[in-house]
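Whenever a hint applies, use it, and build me the whole structure from the sequences.
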Amino acid sequence: MNGFLAVWRKELTGYFLSPAAYIVTIFFLIVMGAIFSLLVSVLAEGPAGVTVMNLLFGSPFFWMTMLALVPALTMRLFAEEKRSGTIETLMTAPVTDTAVVLAKFAGALSFYAFMWTPTLIYLFILRYFSADMAPPDPGPLAGGYLGALLIGMFYLSIGLFCSALTSNQIVAAITTFAAMLLLFLAGLLDYVARGDLVQAVSAHLSSYSHMLEFSRGAIDSRPVVYYLSGTALMLFATVKIVEARNWK
Amino acid sequence: MIEVSHLTKHYPGRVAVDDVSFAVSPGEIVGFLGPNGAGKSTTMRILAGYLPATGGVVRVADHDVAEEPIEVRRRIGYLPENCPLYGEMRVDEYLRFRARLKGVPRAKVPARIVEVKERCGIADVGNRIIGQLSKGYRQRVGLAETLVHDPDLLILDEPTIGLDPNQIRLVRGLIAELAERHTILLSTHILSEVEMTCKRVLIIHKGRIVASDTPDRLRRRMTGEASVIAEIAGPRGEVEPALRGISGVADVQAEGGDAWVRYMLRAPRDEDPRPAIAALAAQRGWPLRELHREAATLEDIFVNLTQTDEAEAQP
Ligand SMILES: Nc1ncnc2c1ncn2[C@@H]1O[C@H](COP(=O)(O)OP(=O)(O)OP(=O)(O)O)[C@@H](O)[C@H]1O
Ligand SMILES: [Mg+2]
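These protein sequence lines are chains A and B, in that order.
The working numbering numbers the first residue of the first sequence as 1 and each following residue consecutively.
The working numbering numbers the first residue of the second sequence as 1001 and each following residue consecutively.
Hints are computed from structural coordinates only; laboratory data are not their basis.
Covered by chain A, per the in silico footprint, the following chain B stretches (three or more residues, Cβ under 8 angstroms): (1) 1036–1050; (2) 1073–1080; (3) 1092–1101.
Note that CB positions come from ideal geometry on N, CA and C, so glycine has one too.
Right, here's the structure in full:
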């Protein structure tokens, strides 16, 4: 447990000290801010058939940011340790490989969660300045943030896995991006494909429609299970890769 | 402290360590010597619990490395080849991280950090960023890190590589000090380093242990003959046969200029021809300005043991 906490803390402080993480955070907040201001103008035109959260998470800008942000957060995690050789000191400390993998994942997830917190301020502002407008319901609000957390977990675990495959950060980032894009596009097949099977599978994978559901306040257990088990699977695979030590 | 029996490590298509057995008792300082690619780092990585062995048993402090890796790692301070560190961290921050990672109780961490920095001579760079330190300082940060949880055993893979001669001396001195409190296994391919710091040498070549002894005894074992050097001014044609005539002298080679000629003689170790040479020179009136016996260096031994199929050693 000491080992887990030590690695988690190091990873988290690492993000706060790394310029890349700052750039990504600022980029993320600008995009989210832009979506919000867009939102305000939409809402100003009178009640539409959408909720605030729905607009927020349904926006393509949000998804593009997600796809860029996750690789930036995860590419360094193992690849950099391998490139610099510190993986050897890390894995010969009295901690299990599983603890190291979980700690790195927890570090990335904590920073990801931290990045989201300023968006709460946007909501607050929205509410404060548009007194005549109904505040966001707690259901969609909680659902939206839960969805962002679940999807973030899954994508970050994919990034962690890709980072464990190589000693090159750029390669790690590109593989992560490609894997996420593939998953995301597979989800969009639902809207374009014909066959029933394809559509059914696609609907299960579609983060986009999951997010729309979540941000309507409708929390279905199937996507929750999908993201949790997907994350567990990726973390398990990462532990196996790290245990194999077949890099160089 | 270390018991290795029949250790084997295969990489795909290559045997890096081949049926190696040795033991290191508590308090010893043992040098692990071998040419490039001999399998030193591989063996050390297995000892430290980084790589799994293909076959054989490794026990450290009475714990099996494969079965109780965490127990073993608690007792080892391991400095990998090239001393990898997190370049973006500060020295204190790094040592704190490593101390916590290695299970040093939170309350003791500051005291431990002060102590190891003191011992490694880096007390004044605690606030510096590691990536901006000189190589010698980084090496000392690496050493300080290995000590931070006060392990019984230190495994140091080429701790002085890439340092200038002054830094090498400092780091060696540091290792000699550490030897008072820790068991040490250090690898190197610098022979003088082993002669200076180690009580025992293990020579490994192509994945096999080819010798294990004190530097002294190795030297003696390898050299049945000693060579004697004499510089004499005298007619070469007369001096050479006269030297050959001395009892015990097996071979004489002459070399050098007009007046002074340098003679290299081979003689059995237990017979010392030097008094006879001095007497001869005095009797004939040949000036003699140098007379000494040369012991074989560890280098001779090393070359002797490891030069076979040099081409194959590094594929
Ligand atoms: N990850 C690896 N995959 C395949 N072969 C390897 C790997 N690591 C080392 N080897 C091979 O194993 C052999 C032993 O290597 P090792 O690094 O243990 O040698 P060494 O004695 O430490 O050499 P040096 O003095 O150069 O550090 C070499 O032939 C090397 O090429
Ligand atoms: Mg080596």
